[in-house]
Amino acid sequence: MAKAHAKREAAGVTDRAILILERAVAGELFTDWDRPLSALPTDHPVLREFDTKAAKAGLNRDEIDAWRKVVSLYVLPWGAAAEETRTTMVQRFGLLPAAAEPIVLALRDEVAGQADVNAEASLREAAELTRTSIERIAQEVVETIDRESLEEALSSGACEPVDFDRPLLPTGFYEGIDVQPGHIVAGLPAPRQTLTGQVVTAIDREESILVIGPSGVGKSTVLWTAAYVTRQVLWYRIRRLRDGDIASLVRLARALKPSTRSPVGFVVDGIGIGSAEAWDALQHELEPIPGVLLLGSVRSEDLLPLRSRARCTQITVTLDEDVAKEIHAGLTASGATTTPHWREAYEAADGLTLEFTHLLTKGRRLSDVLSEQVDRRVVEGRQTELDILAMISVAHRWGTDLPVRALQQQLGV
Numbered sequence: 002m003a004k005a006h007a008k009r010e011a012a013g014v015t016d017r018a019i020l021i022l023e024r025a026v027a028g029e030l031f032t033d034w035d036r037p038l039s040a041l042p043t044d045h046p047v048l049r050e051f052d053t054k055a056a057k058a059g060l061n062r063d064e065i066d067a068w069r070k071v072v073s074l075y076v077l078p079w080g081a082a083a084e085e086t087r088t089t090m091v092q093r094f095g096l097l098p099a100a101a102e103p104i105v106l107a108l109r110d111e112v113a114g115q116a117d118v119n120a121e122a123s124l125r126e127a128a129e130l131t132r133t134s135i136e137r138i139a140q141e142v143v144e145t146i147d148r149e150s151l152e153e154a155l156s157s158g159a160c161e162p163v164d165f166d167r168p169l170l171p172t173g174f175y176e177g178i179d180v181q182p183g184h185i186v187a188g189l190p191a192p193r194q195t196l197t198g199q200v201v202t203a204i205d206r207e208e209s210i211l212v213i214g215p216s217g218v219g220k221s222t223v224l225w226t227a228a229y230v231t232r233q234v235l236w237y238r239i240r241r242l243r244d245g246d247i248a249s250l251v252r253l254a255r256a257l258k259p260s261t262r263s264p265v266g267f268v269v270d271g272i273g274i275g276s277a278e279a280w281d282a283l284q285h286e287l288e289p290i291p292g293v294l295l296l297g298s299v300r301s302e303d304l305l306p307l308r309s310r311a312r313c314t315q316i317t318v319t320l321d322e323d324v325a326k327e328i329h330a331g332l333t334a335s336g337a338t339t340t341p342h343w344r345e346a347y348e349a350a351d352g353l354t355l356e357f358t359h360l361l362t363k364g365r366r367l368s369d370v371l372s373e374q375v376d377r378r379v380v381e382g383r384q385t386e387l388d389i390l391a392m393i394s395v396a397h398r399w400g401t402d403l404p405v406r407a408l409q410q411q412l413g414v
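Heads up: the sequence shown runs through residues 2 to 414, numbered per the working numbering.
Please note: incorrect hints may appear among the correct ones.
Lysine to any residue pairs mimicking SDA-like chemistry, simulated, CA-CA at most 25 Å apart [unchecked claim]:
id, residue 1, residue 2
1, Lys70, Pro98
2, Lys326, Ile213
3, Lys4, Ala55
4, Lys258, Leu287
5, Lys70, Val14
6, Lys8, Lys54
7, Lys57, Leu38
8, Lys4, Leu22
9, Lys363, Thr385
10, Lys8, Ala18
11, Lys326, Phe174
12, Lys363, Thr339
13, Lys70, Ala83
14, Lys4, Ala83
15, Lys258, Arg132
16, Lys8, Val72
17, Lys57, Ala67
18, Lys258, Gly273
19, Lys70, Thr88
20, Lys258, Arg241
21, Lys57, Ala27
22, Lys70, Val91
23, Lys326, Gly364
24, Lys8, Glu64
25, Lys258, Ala83
26, Lys8, Asp44
27, Lys326, Pro341
Treat the hints as calculated values from the structure; they're not laboratory data.
With these hints in hand, go ahead and build the complete structure from the sequences.
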């Protein structure tokens, strides 16, 4: 930027330079738009790092000092930018938040297009968005918004926007909590860089994706990490996937007016939350819509009934040695394990991440712990609990719903 700024000055352009970032710099948010680097404390790590890199790039001391006075850092997370834009559109046009989403995507699409043009344009020919053009784009989208379709799937609880802004920091995370988007934000799961990269590559190709593996292997970690790093996608989480939800989800996808530059994605973490037929139908309906992505995780034993699996990119998740080392290091650092090495637990876990972490934190196999809990209920004559467990286990094995009222009636409790 410093070198480019020198060229701008030579061309007679003397505006201030601002580097806008989506994420914090070493945990620090820079929120003062006009605060130059020179206003930072002299021992600030950003200044030290800049001085080192600038010197390597060939800038002398005078050039470094001059640059500090004209450049500012500003951190604007995408979630915050999108929320502010939505709020502005809601107030400007009297819309509900869901109905303002297509305007956000249209404006982002236009900004991206202008940025593409400016990558090759001269300073004198640079494209820009004015207040008038922003108003025109927003007004054109408002006139075509299908408000009912936008709100139907959201109000029914079938899906919701994914929250990648708020971290979740639960106790006992490494003992078997289902991974959620907030855990990824907080940096809790061990990175699965190779597998995540494969998913991201498939996302970039706009393919439907299935993340496959047995229960407890880390499918959710790979799925949510891939969604987190592809922030150019507006992700929705499907909470309920039934045949009756397909139409409203497809209408939502179309009403958002997605494009290749501003894609919309749907995540199904555990296709067992619905029927295989519902996933097949959803994949079939969304596949022809440009800019719409479908990302799902499925247990290995639930893969066979999916007729659409051949049309999806399949990525299999396993526990490898590098991930085992990362998990062991994280558990050791947090004090959750005193096991000196990861190898024994890794070999005993037979590729299951949940089993591996349980062995490290509890010192026993998860199946042994569960067996003891069942045995205790047998000895103590707690038959109702055993009956409930039996039915829930069968229902879970076959991925079916088990309404509480029906369970009460069947057992007479």
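Here is what the structure says about each hint:
no., hint, verdict
1, Lys70 - Pro98, "violated (40 Å)"
2, Lys326 - Ile213, "holds (22 Å)"
3, Lys4 - Ala55, "holds (10 Å)"
4, Lys258 - Leu287, "holds (13 Å)"
5, Lys70 - Val14, "holds (16 Å)"
6, Lys8 - Lys54, "holds (19 Å)"
7, Lys57 - Leu38, "holds (19 Å)"
8, Lys4 - Leu22, "holds (19 Å)"
9, Lys363 - Thr385, "violated (28 Å)"
10, Lys8 - Ala18, "holds (12 Å)"
11, Lys326 - Phe174, "holds (17 Å)"
12, Lys363 - Thr339, "holds (10 Å)"
13, Lys70 - Ala83, "violated (30 Å)"
14, Lys4 - Ala83, "violated (31 Å)"
15, Lys258 - Arg132, "holds (22 Å)"
16, Lys8 - Val72, "holds (15 Å)"
17, Lys57 - Ala67, "holds (17 Å)"
18, Lys258 - Gly273, "violated (29 Å)"
19, Lys70 - Thr88, "violated (34 Å)"
20, Lys258 - Arg241, "holds (23 Å)"
21, Lys57 - Ala27, "holds (21 Å)"
22, Lys70 - Val91, "violated (38 Å)"
23, Lys326 - Gly364, "holds (17 Å)"
24, Lys8 - Glu64, "holds (13 Å)"
25, Lys258 - Ala83, "holds (16 Å)"
26, Lys8 - Asp44, "violated (29 Å)"
27, Lys326 - Pro341, "holds (11 Å)"
In terms of the numbered hints stated before, the structure departs from hints 1, 9, 13, 14, 18, 19, 22 and 26, listed from lowest to highest.
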